[in-house]
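Q: Now for the letters of each chain:
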Amino acid sequence: MDEENLQLEAELKRLRPRALAPAVEARVAARLATRRRVAIGWWVALPLAAALALVVVPWRPAPEPERVPLGAAIAPDPLPATKPDEYKPVAAENLLYAARDEGVVTLADGVQARRLRRSYVDTITWRNPRTNASLTWSVPRDEVRVVPVNFQ
Amino acid sequence: MEAISHDESWKSWFRLHGPKLLLCARQWTRSLADAEDVVQDAFVRYWRRQRSLGGDPQALLLTSIRRAAFDLARRNQRRTGREMRAEGGGEAAEFLFEPLAEADDRRRAIEAALQRLPAEQREVLVLKIWGELTFDEIARQLDIPLNTAASRYRYALAALRRELSAADCHG
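Sequence order for the protein chains is A and B. Numbering follows my numbering, with no gaps: position 44 of the first sequence is 44. In my numbering, each residue carries its 1-based index in the second sequence increased by 152.
For reference, chain B alone in the conformation it holds in the complex (with noise of 0.2 Å):
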């Protein structure tokens, strides 16, 4: 992963890398909106204290963002189920990826084949695809074994392969 080297260069940099960012906190936090507040958090800290640190500024940006989500989701904890339910609790229609031109319904089972994978198993697969990171900063990141990260994802893949034939059987 490319260092964001310029002050001008971080909007193509957001562009670019913010949409994979996004997905991975969606899988830590309760709604799309609270996704789009801990990335801005997220990046915003990173630009302005740790972008001097050097490393890979995806992985550093992702345990960012994974400990923004934890946090708030210890701030939402507070807050009474009621409030909660004047926002609107959930969001209709939220979609994961960019529609397809063509066998879009292929992207839509996708979607719905991962909203139903194990939560453990969804967060491996989309840091290891989305998040590009390697198994070894997947087991780091999530603070478990190498090889736990290595299994999530292989029965995340078969059950996603599951999920997709018994859609294509039943149309």
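Chain A with its partners taken away, still in its complex shape (with noise of 0.2 Å):
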């Protein structure tokens, strides 16, 4: 690139994009604050409802030991205690299956486009270390781009 060309760079980088408007940062304040209260509402009643149910469940004396093989009376290994007990996501991926070509069509302001729709399937695989169970979750999804077309 030469002089000019980098000194234009350099001079565009200097501009610094306009800010947002203090009422978008307010919108997803509470956007996010409207979730937060129902996670919170959830961790609470979940515990709640646990120790509710205890208490509710009437006393039961314990029943009479009963013999098990020995194979089933040895403990499972305790699980490594180093590992978070958590998921993570360990894989995403996604699968294009489908290309159309839509046709040209004309958008609102009159300028005509091509739409293009591909048709994806998106995969995230979350694993938890501790336990080494694991959780897939598969969505399909449409993706459609509006290419405005040019006829010379």
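Take these hints with a grain of salt, some might be off.
[Stated by the list, open to error] Computed list of lysine to aspartate or glutamate pairs in EDC-like fashion (alpha-carbon distance at most 16 Å, straight line): (1) B/LYS163 with A/GLU25; (2) A/LYS13 with B/GLU263; (3) A/LYS13 with B/GLU250; (4) A/LYS13 with B/GLU284.
[Unchecked claim] Chain A regions said to be covered by chain B (calculated; three or more residues, Cβ under 8 Å): (5) 3-14; (6) 19-29; (7) 85-95; (8) 100-110; (9) 135-147.
Just so you know, the hints here were simulated from the structure itself, not pulled from any lab data. All residues carry an ideal CB built from backbone N, CA and C; glycine is no exception.
Join these two chains into a complex; the hints should help.
A: Set out below in structure tokens:
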């Protein structure tokens, strides 16, 4: 790149994009706060429900001890305590399984555009390193691209 | 780009990087209000669901913003021209960059020259300079070959330079 382009590039980098309106940050805060309230509600509600269930269920005498085969009586190895007991994302993939050209469409402002539709399956896998349990989530997704076209 | 790590840090991250995201979003939307909406939606989605995926948050957010902008364009396509006119259509005196204490005329000239660039050159320029993406990331973002991204960038700089020289000559 020549010297003049480098100078122009440096000049452009010095320009700071306009700040977001405070209302945008306020709307983001409100939406995130709504979610957090719901999350806290569950965290409080579930232990409360569990505690309540313990209180309500009537006490019963312990059953007579049973004979169990030796193999079944051996407790499993304790889970390694060093690994965190939480799910972490380990893989994410997008599978493109169809692509269609839906032809030329006219946008609201009269511009001619070509509409391209791609169909994916997004798959994300989480794994708990402590228990080695995994959870896979797959969801279909359509991506539509509207590409303006020029007829010359 | 640093990860957004703590729950309380979203505001400082959003204030620092939000303006760049807004400028990029503006390349794909019809109005500033639409750009603000897609930035807001993308950020909330990122914060709630995609934060744990790791990677560069800005690149992920730009992908999300671009998709949201196209979804919005598709929804807007269904609206009648009458509805659009009722909303006022365009926006007067919209500016893209913070005014400069000195040489603000130059900032205005650059903004005007940017507006006159072909859209495909302008979006590459904006993603490179203010989106801070590499040509490789831009190519993947726009689904174009890497060489095309690089050449659009060069054409954009050259065209911008010509526009600004012409503006200087005409005062």
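Q: For each hint, tell me whether it holds in the structure or not.
A: Checked hints:
1. B/LYS163 with A/GLU25: Status holds; Cα separation ~8 Å.
2. A/LYS13 with B/GLU263: Holds, because 13 Å separates the two Cα atoms, which is no more than 16 Å.
3. A/LYS13 with B/GLU250: holds (12 Å)
4. A/LYS13 with B/GLU284: holds (10 Å)
5. 3-14: With 7 residues close enough to chain B, the hint holds.
6. 19-29: holds (count 8)
7. 85-95: holds (count 3)
8. 100-110: holds (count 4)
9. 135-147: holds (count 4)
In terms of the numbered hints stated before, the structure departs from none.
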